[in-house]
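Using the sequences and the hints, build the whole thing.
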Amino acid sequence: MNDSLPLLSLCLVWPLVGALALIFVRDQRWAKRLTLLVAGLELSITIAALVGFNPDHAGFQLLEDYSWIPGLNIRYQLGVDGISILFLPMTALLTLMTLLAGWNTVQHLNRFHLALMLALESVTIGVFTALDMALFFLFWELTLPPLFFLIGLWGIGAERRHAAMKYTLYMLFGGVPLLFGIVMLAINHARYAGGGIPDELVLSLPILLTTPMSDAMQTTVFLLLMMGFAVKAPLVPFHGWLPTTAMEAPTQISALLLGLKLGVYGIVRFAIPLAPNAALQHRWLLAIIGAVTMVYAALIALRQTNLRRLLAYSSISHVGLVIVGISAFNLQAIQGAIMQLFNFTLVAGSLMLIAGMIQQRLGSNELVHLGGLAKPMPRLTVLFFLFALSGIGVPGTNGFPAELLIFIGTLRAYPSLALVALFAAVLGAAYVLGFVRRGFWGPVACAAVAQAQDLRARELMVLILPALLVVVLGVYPQWVLSLQEGTLNAWLQSMHRPTVMITQAQPVVSKRLASAETNRHEE
Amino acid sequence: MAIWTVLIPLSPLLAALLVGGLNFFHIIDGESGEKATARITLLAISVSVATALGLLACDQFGKLATSYHYGDWLNSGKLAIAFKLTSGGFNLALASLFSLLLLIVMRFSVNYMHREAGFHRFFFILNLFAAAMLLLVLSGNAVFSFIGWEIAGVCSYWLIAYAYDRPVASHNATRAFVTNRVGDGGFILAIGLALAWLESADWRAINNGAADLDHGDATLLALSFALAAFAKSAQVPFTPWLARAMEGPTPSSAIFYGGVMIHAGIFLIIQLRPLFEQAPLAMWVLAVVGALTTIYSYWVGLSQTDIKSSQIFATSAQLGLMFVECGLGFWTLAAWHLGAHAVVRCYLLLTSPSILHNTRGRPTKPVSPMLANCRWGFMVSLQRGWLEAAMDWMLVKPIQQLARDMRYIDEHIVDPALGAPAPAIKAISSLVEWEEQKMGANLTSEEDRFAQGSGLAGKLAEWTAALLHWFEYRFILRGIGRDSIRLGRRLGRAANRFELLLLRPRYLALFVLITLMVALGYR
Numbered sequence: 000m001n002d003s004l005p006l007l008s009l010c011l012v013w014p015l016v017g018a019l020a021l022i023f024v025r026d027q028r029w030a031k032r033l034t035l036l037v038a039g040l041e042l043s044i045t046i047a048a049l050v051g052f053n054p055d056h057a058g059f060q061l062l063e064d065y066s067w068i069p070g071l072n073i074r075y076q077l078g079v080d081g082i083s084i085l086f087l088p089m090t091a092l093l094t095l096m097t098l099l100a101g102w103n104t105v106q107h108l109n110r111f112h113l114a115l116m117l118a119l120e121s122v123t124i125g126v127f128t129a130l131d132m133a134l135f136f137l138f139w140e141l142t143l144p145p146l147f148f149l150i151g152l153w154g155i156g157a158e159r160r161h162a163a164m165k166y167t168l169y170m171l172f173g174g175v176p177l178l179f180g181i182v183m184l185a186i187n188h189a190r191y192a193g194g195g196i197p198d199e200l201v202l203s204l205p206i207l208l209t210t211p212m213s214d215a216m217q218t219t220v221f222l223l224l225m226m227g228f229a230v231k232a233p234l235v236p237f238h239g240w241l242p243t244t245a246m247e248a249p250t251q252i253s254a255l256l257l258g259l260k261l262g263v264y265g266i267v268r269f270a271i272p273l274a275p276n277a278a279l280q281h282r283w284l285l286a287i288i289g290a291v292t293m294v295y296a297a298l299i300a301l302r303q304t305n306l307r308r309l310l311a312y313s314s315i316s317h318v319g320l321v322i323v324g325i326s327a328f329n330l331q332a333i334q335g336a337i338m339q340l341f342n343f344t345l346v347a348g349s350l351m352l353i354a355g356m357i358q359q360r361l362g363s364n365e366l367v368h369l370g371g372l373a374k375p376m377p378r379l380t381v382l383f384f385l386f387a388l389s390g391i392g393v394p395g396t397n398g399f400p401a402e403l404l405i406f407i408g409t410l411r412a413y414p415s416l417a418l419v420a421l422f423a424a425v426l427g428a429a430y431v432l433g434f435v436r437r438g439f440w441g442p443v444a445c446a447a448v449a450q451a452q453d454l455r456a457r458e459l460m461v462l463i464l465p466a467l468l469v470v471v472l473g474v475y476p477q478w479v480l481s482l483q484e485g486t487l488n489a490w491l492q493s494m495h496r497p498t499v500m501i502t503q504a505q506p507v508v509s510k511r512l513a514s515a516e517t518n519r520h521e522e
Numbered sequence: 000m001a002i003w004t005v006l007i008p009l010s011p012l013l014a015a016l017l018v019g020g021l022n023f024f025h026i027i028d029g030e031s032g033e034k035a036t037a038r039i040t041l042l043a044i045s046v047s048v049a050t051a052l053g054l055l056a057c058d059q060f061g062k063l064a065t066s067y068h069y070g071d072w073l074n075s076g077k078l079a080i081a082f083k084l085t086s087g088g089f090n091l092a093l094a095s096l097f098s099l100l101l102l103i104v105m106r107f108s109v110n111y112m113h114r115e116a117g118f119h120r121f122f123f124i125l126n127l128f129a130a131a132m133l134l135l136v137l138s139g140n141a142v143f144s145f146i147g148w149e150i151a152g153v154c155s156y157w158l159i160a161y162a163y164d165r166p167v168a169s170h171n172a173t174r175a176f177v178t179n180r181v182g183d184g185g186f187i188l189a190i191g192l193a194l195a196w197l198e199s200a201d202w203r204a205i206n207n208g209a210a211d212l213d214h215g216d217a218t219l220l221a222l223s224f225a226l227a228a229f230a231k232s233a234q235v236p237f238t239p240w241l242a243r244a245m246e247g248p249t250p251s252s253a254i255f256y257g258g259v260m261i262h263a264g265i266f267l268i269i270q271l272r273p274l275f276e277q278a279p280l281a282m283w284v285l286a287v288v289g290a291l292t293t294i295y296s297y298w299v300g301l302s303q304t305d306i307k308s309s310q311i312f313a314t315s316a317q318l319g320l321m322f323v324e325c326g327l328g329f330w331t332l333a334a335w336h337l338g339a340h341a342v343v344r345c346y347l348l349l350t351s352p353s354i355l356h357n358t359r360g361r362p363t364k365p366v367s368p369m370l371a372n373c374r375w376g377f378m379v380s381l382q383r384g385w386l387e388a389a390m391d392w393m394l395v396k397p398i399q400q401l402a403r404d405m406r407y408i409d410e411h412i413v414d415p416a417l418g419a420p421a422p423a424i425k426a427i428s429s430l431v432e433w434e435e436q437k438m439g440a441n442l443t444s445e446e447d448r449f450a451q452g453s454g455l456a457g458k459l460a461e462w463t464a465a466l467l468h469w470f471e472y473r474f475i476l477r478g479i480g481r482d483s484i485r486l487g488r489r490l491g492r493a494a495n496r497f498e499l500l501l502l503r504p505r506y507l508a509l510f511v512l513i514t515l516m517v518a519l520g521y522r
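Residue numbers (numbering that gives the first Met the number 0), protein chains in the order written: chain A, 0 to 522; chain B, 0 to 522.
Mixed in with the good hints there might be a few duds.
[Unchecked claim] For lysine-lysine, the following DSBU-like pairs were computed, each having C-alpha atoms within a straight-line distance of at most 35 Å:
| id | chain 1 | residue 1 | chain 2 | residue 2 |
| --- | --- | --- | --- | --- |
| 1 | B | 77 | B | 62 |
| 2 | B | 396 | A | 374 |
| 3 | A | 374 | B | 34 |
Don't read these hints as lab results, they were simulated from the structure.
Please read all numbers here as calculations on a predicted model, not as lab measurements.
This is the structure we're talking about:
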C-alpha cells in the first residue's frame, strides 16, 4: 500500500536535499542556519510520521513499495512498526542536538561537515525504515563514508585518522557476514519457492519472515547476522572500536554513535525474527554474551580516568543488559530492552554532548584536568547528574522503568542472570558516582576550571528537552510502552509459532505466500 | 475521602520541583530568595501535615477506605503495576508522624541554613526527600515504595555531599550510596520474585499470598526484603555507612538518620509481617542480625568522642533492638519503638549543636574504666570493629583488582588481538629526528614491507599479502612476464579481428537474434 503522502521517503530524502542545497550557500553562517532549518523540519516530519502511526496495528505501517532493481527483485520498500517508529524522531532530535552542540566547534570545511551530518541523518533513517534487505544493507554500509570523514577530518584526538580507519575496518568486517546472511536468506526463498535463482530471489522482509527455513540454515543465517550486528552493537569482544572512536572523534559524532544503537536494532529487527528457531535454540548464547559484555565493560569502566572512555564503556555495558533482556524472550524484558534503546538516545547522547562541552572549555576530559566542576558550572553539573542517574536506573528517570522491566523479564527466564544484572547495577552506580566524585565534586584544582563558564543559552537549549523527556518518561513510561506493545506481542508470537519444515510445508505455505504476493500487488 | 491521600507526598514533590526549577533558572537565588523558598517549602509540608492529620482523624472514626487505586502506572502484557496509596492504619499514622517531624525540621532549617551557600539546594533536596519518604510509607505497592526508597537514597547522597568541595564529604557520599545500592538490589530482587511467584507487587497481595508460597520461596522472598532493610537501616555488616553519613548539615542528619529515613528498613519489615511469619528462618536472621548490630554499636559507641558519632551509634543500636523485636515476634512493640525513637532521636540530633555550645570548655569525660582496662576491647571499639576494612578487603578490593585485570586484558589482549589497536603516541626522541620527519626522509619507516597489520586478522592479512606478493613476483612477473606480454598482444589482435567480424551487419543481427531467443527461452 502506498500512502498518498510518502512520509518515510520524505524523511529519507529531505536531509539529502538540504545537503545538496548547501552547495549553493557560500556564506558559512547562512549554511549553518540552513542546516539547522533542514534538521528542524526533519524533526517535525518524523514527528508527523509518529503521529500518523497507529500503535494498535502490529504490522508494518506507512508502507512504500516500488520496484527498484527488477532483475534481482530488489525493491524500494520502506515501512515502520512499533520497534522502529520511535527511532525516527530520536535520530532527528539527536542530529539537531549535535548540530547545535557543535555550532562553533567546526572551523574548517564547515559546509562539507554540515552536508555530511545531514547525509548521515538521512542514511540512519534509511537503516531504521528499510524493509528490503538489500536496501537495508545499502544504507547500513552507507553510514560508513560520512562517519569516516567526520571522524577523520574533524576528530578531536591526535589519532583521529587511525580511529576513522579502525572504525571503518571493524564495520567492514561486520558487513561481510551480514551480506552473506542476507544472500543466504534470499537464496533460501528462491529454493523454497522452487524457482530459478535470479527470478525467485526475494529480499523483502515481510515475505522473508513467512518463508520457512530448515534448522541448519536458520542457525547459519542467525549466526552470520548476529556476527554482523554484534560488531556494530558492540558486544564483547568486538567492542574495541567504540572507546577509540569516543576518544578521537568529535564529541557530536561520538554522541551519535553512542546514542543510536543500530546494531541492537538489527538484532531485534532482522537476526531474531528471520531465524526464530535458531534464535530460540541459541538464546543462551545471546544471554551469555550479553551478561559477559555487561559485567566486563562495567568493570573496565571502574578504572577509567577519561570521561569519554568511561561513557563508551558504560554504553557497552548497557548494551549487554539490553541483549540479556532480548534473550529472555518475554514481553516485559523485550519491552524494557526497546525502551532502553530509546533511552540511550536521550541519555548516552546527552552525556557525550556534555563531555564535549567540558572538552571545549578545558581542552580535556581527563580527571587530572577536572575536579570541582560543580563550583563554576552548577547547571552543567545538575544536568549531567540527571542523565547519570537515568543511566544508573534511579526511579523518577526513564532508566528505571526500562531496567525494571528487563530485570523482571530476565528473572523469569534466567534467574541467575538477573543476579548478574543486579551486580552490574551496583557497579554502574560505583563507576558513575566515582567519576562524579573525582571530576565534579572536590576542591577546584586547576585554574582553567575556576574560570570555566557555565552552560550558555544555546547549550542549555540543547540539553533541556532531553532532560525534560528523561523526567517525563520516568514518571509516565506507559506512552513509550504502549507504542510498542502491539508490535512486540506479534514479534513474540512469531517466535513461538510452530515451525514448518521446508519439505513438508511446501503446498500450504506456497499458497499462503501466493496470496501474500497477490495482496502485495493489489495494494 | 481516601483520594486526598495523594496530596501528602504530592505537595512536597511540587514544592521540590518549584524550588529546584526556579533556582535552576536563577529566578530565586541567593539571600533575597530565601524567603520565597522557605514559604513554598513550609506551605507544602503544612498541606501534607494537615491532610495526613485530617485523614488520620477520619480513619480513627472509621470513615475511610483502606486504600485508593489511582490507575495503572505501567502495563506490559499481564504485568500491571498500579499506583495505589494506603490510607489507613500503621501507614497513615507513620506518615502523619513523619510529616510532622519534617515540618519541624524544615522550620528549624530555615534559620539554621540562613546565608548558607546551598540554601535553595538544601530545600530542594529536603522537599524531594519528604515526598519520597511519604510515598514510601503510604504506597500500597512494592514498586512505588521502592521508588520512594531509592529517591530518598539519592537525596541522602546529595546531602552527605552537601559540602561537595570537601573531598571527604563527597567520598563518604559515594560510599554510602554504593553500599545502599546493594540493599536496593535486594529490594528489586524481592519485587521481581513477588511478580514472578505471586503475579503482583501489592503489599497486600504479597502478604496474603505468602501463606500459599512454598516454605523455601517465602524464606527467599523475606530474606531479599530483609537485605534491603539491613542496608537502609544500617545493620551489620552495612553499619559503617551511617557513621560516614554524618557529613551533612545537622538538620539533615536529624531528619535522615535520626527521624525518618533510617527507619525505612524497619518499617518495611513491619509492613511485611505476615510474610515473615511464614518464614521462621528469616525471623531468626532478623533477630541475630539485630542483636549483633546492637552489641556492635554499643561497643563502638563507648569510645566515640564527638556528639554526632555517639548519637548515630546509639541510633543503630536502637534499630538493632527493633530488628530483634521483629525477629522475636513483638511486632506492635517494634512499631511503637519505631515511632518513639524517631521523635527522640530527631530531637537529640537537632539539639546537638546547642549541647556542644553549652558544654564548651568542659573537659571530655574519660572512657569508662571497664573499657579502658581492656586493651583489645578498647582497640576494637576505636577501630569500629574493623568492619569497614573487612568489607573493603572482602568485596571492594577484589572487584577493583578484577577491574584492573579486565582493563589490562582489554587493552593488551582483546583490542590488539582483533587488530588495529590504538597506537601509543610515537615519541620523537630528538630534534634531528623531528626534522627528518618534517623533510619526509622517513628513515625509520617500515612501510616498504609491503603491508603491515597487527592483531590476528591483521597479521593473517599481512602474511597472505606477503605470500601472494612473493608468488606474483617470482612466477608471474619474472617467469612468464615476457611471454605474457607477447601472448597478450596476440590475444588482443585476435579480439580485434573478432570484433571487426561482429560489427559486420549480418553478424550483428544474428547476435541480437540469438540473445533475444535465449532470453525468451529462459523465461
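| message | Tell me the numbers of any earlier hints that the structure contravenes, in ascending order. | response | none
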